[in-house]
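S.K.: Per our numbering, residue 1184 is the first one in the sequence shown, and the count goes up by one each step.
Read the hints as simulated data drawn from the structure, not as lab findings. Treat the hints with caution; some may be incorrect.
Unchecked claim - DSS-like, lysine-lysine: derived pairs with alpha carbons at most 25 Å apart: (1) K1386 - K1422; (2) K1392 - K1437; (3) K1392 - K1415; (4) K1437 - K1422; (5) K1386 - K1437; (6) K1386 - K1415; (7) K1422 - K1392; (8) K1437 - K1415.
As the list claims (entries may be wrong) - DEER-style ranges, computed between Cβ atoms: (9) S1438 - Q1382: 31 to 41 Å; (10) T1304 - K1386: 35 to 45 Å; (11) V1433 - Q1303: 40 to 50 Å; (12) S1311 - N1236: 11 to 21 Å; (13) E1360 - R1421: 18 to 28 Å; (14) M1376 - T1310: 29 to 39 Å; (15) R1309 - P1357: 17 to 27 Å; (16) E1408 - T1290: 13 to 23 Å; (17) E1416 - R1302: 36 to 46 Å; (18) V1433 - Q1364: 15 to 25 Å.
Note that the structure is predicted; figures quoted are calculated from it, not measured. Beta carbons: idealized from backbone N, C-alpha and C, even for Gly.
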Amino acid sequence: MKRRNFITLLVGSILLSLRGIAQAVCNPALVHLFEEGRKLVQVHPGKKPSLGNYFIQWYGHSSFLIHSGSQTKVVADPNFNVTPGIQADAVTVSNDHFTHNNTGAVTGDPIILRGITFRQTWNPIRTSVKDITIVNIPSQRGASWGGAANSIFIYEMGSLCLAHLGNIGHLLTPEQERVMQHVDVMMIPVDAMTNLGFQDIMKVIDQVKAPIVIPMHYDVSRQGELFATYAKERYPVRKIADSQLVLSRVMLPKSTEIFVLAHPRPLAFGD
1184 MKRRNFITLL VGSILLSLRG IAQAVCNPAL VHLFEEGRKL VQVHPGKKPS LGNYFIQWYG
1244 HSSFLIHSGS QTKVVADPNF NVTPGIQADA VTVSNDHFTH NNTGAVTGDP IILRGITFRQ
1304 TWNPIRTSVK DITIVNIPSQ RGASWGGAAN SIFIYEMGSL CLAHLGNIGH LLTPEQERVM
1364 QHVDVMMIPV DAMTNLGFQD IMKVIDQVKA PIVIPMHYDV SRQGELFATY AKERYPVRKI
1424 ADSQLVLSRV MLPKSTEIFV LAHPRPLAFG D
C-alpha cells in the first residue's frame, strides 16, 4: 500500500502540470497540451488515406510496428532478437532494458524517442512524426526492478488511439486513467513475472476499458494462452491467426475484447 501511495503521489505531481492532456489525448479532432491549450495536432486538411491501411504488426516480446494510412512507420520497444532490419520513421523506447531498447536494429535513420533518461527518470515526449502524434506519460516498473522508470507511449493516427504500456508495474493512477480515456487499442505486458500478475493486469484493463487489448511481453506461446484462459472469465477473447492486425474505427468492438495475436517467433526466454 505504501508503494502504491508513493507512485500515486509521484505520477500525480508530474501530471498535474499537464491538465490539458487529461481530456484531450487522442481526441481525433484536436489535442491540447498543457494548461495554455497549445495546439499539438489537428485533423489534417485534404484527402486522408484509407483507414484500411492502418495496422500494427507484432514482432514478439514488446516490439510492434505501428503503420499509419500514409505509411508512416513507428517501431515500439525494438527487441535485440526479433526486430533487426525493420525500417521505420521513428522508434519509441519505454524503458532501458536491453529487450526494449535495441534502437540500432531499426533502419531508415529513424527519430529515436526515449521515454526515460539514462538516469532512469521520465523524459517527456510531445511530438508528431508525419501523421502519427506521439506523447508519453510516466510510470514505474515492477518492484523487482527497484522502481526503475517506465514510460507509457500513446500514439494518435487518424481517428485511432493506441497505447503501449511498456513494462508497467503498478495500477494506473487517477491521472493516468484520465489521460488514457480515449485509448482504442492497448498493448499490455502479460508475462506475470517481472510485471503485473494476472489479477492486476485485469484491473488495468478495467481502468482503461479500451475496445481492443493486445497481450504482449512474452516469448513462449504458452504464456499468452495462460493469460487468455484467465482473461476469458471476464472478457471475450479472440485468437487472431496472424501477428498483424488491420485497424479501423469500424472494426473496434463496442466493449473491451482481448485480441491474442499469433506469436511470430516464440522463444525460450524473456526479461
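S.K.: For every hint, state whether the structure bears it out.
M.R.: Here's how the hints hold up against the structure:
no., hint, in the structure
1, K1386 - K1422, "holds, 21 Å"
2, K1392 - K1437, "holds, 10 Å"
3, K1392 - K1415, "holds, 15 Å"
4, K1437 - K1422, "holds, 18 Å"
5, K1386 - K1437, "holds, 19 Å"
6, K1386 - K1415, "holds, 14 Å"
7, K1422 - K1392, "holds, 19 Å"
8, K1437 - K1415, "holds, 17 Å"
9, S1438 - Q1382: 31 to 41 Å, "violated, 20 Å"
10, T1304 - K1386: 35 to 45 Å, "violated, 26 Å"
11, V1433 - Q1303: 40 to 50 Å, "holds, 41 Å"
12, S1311 - N1236: 11 to 21 Å, "holds, 18 Å"
13, E1360 - R1421: 18 to 28 Å, "holds, 25 Å"
14, M1376 - T1310: 29 to 39 Å, "holds, 32 Å"
15, R1309 - P1357: 17 to 27 Å, "holds, 21 Å"
16, E1408 - T1290: 13 to 23 Å, "violated, 33 Å"
17, E1416 - R1302: 36 to 46 Å, "holds, 41 Å"
18, V1433 - Q1364: 15 to 25 Å, "holds, 21 Å"
In the structure shown, a violation is registered for the earlier hints numbered 9, 10 and 16, in ascending order.
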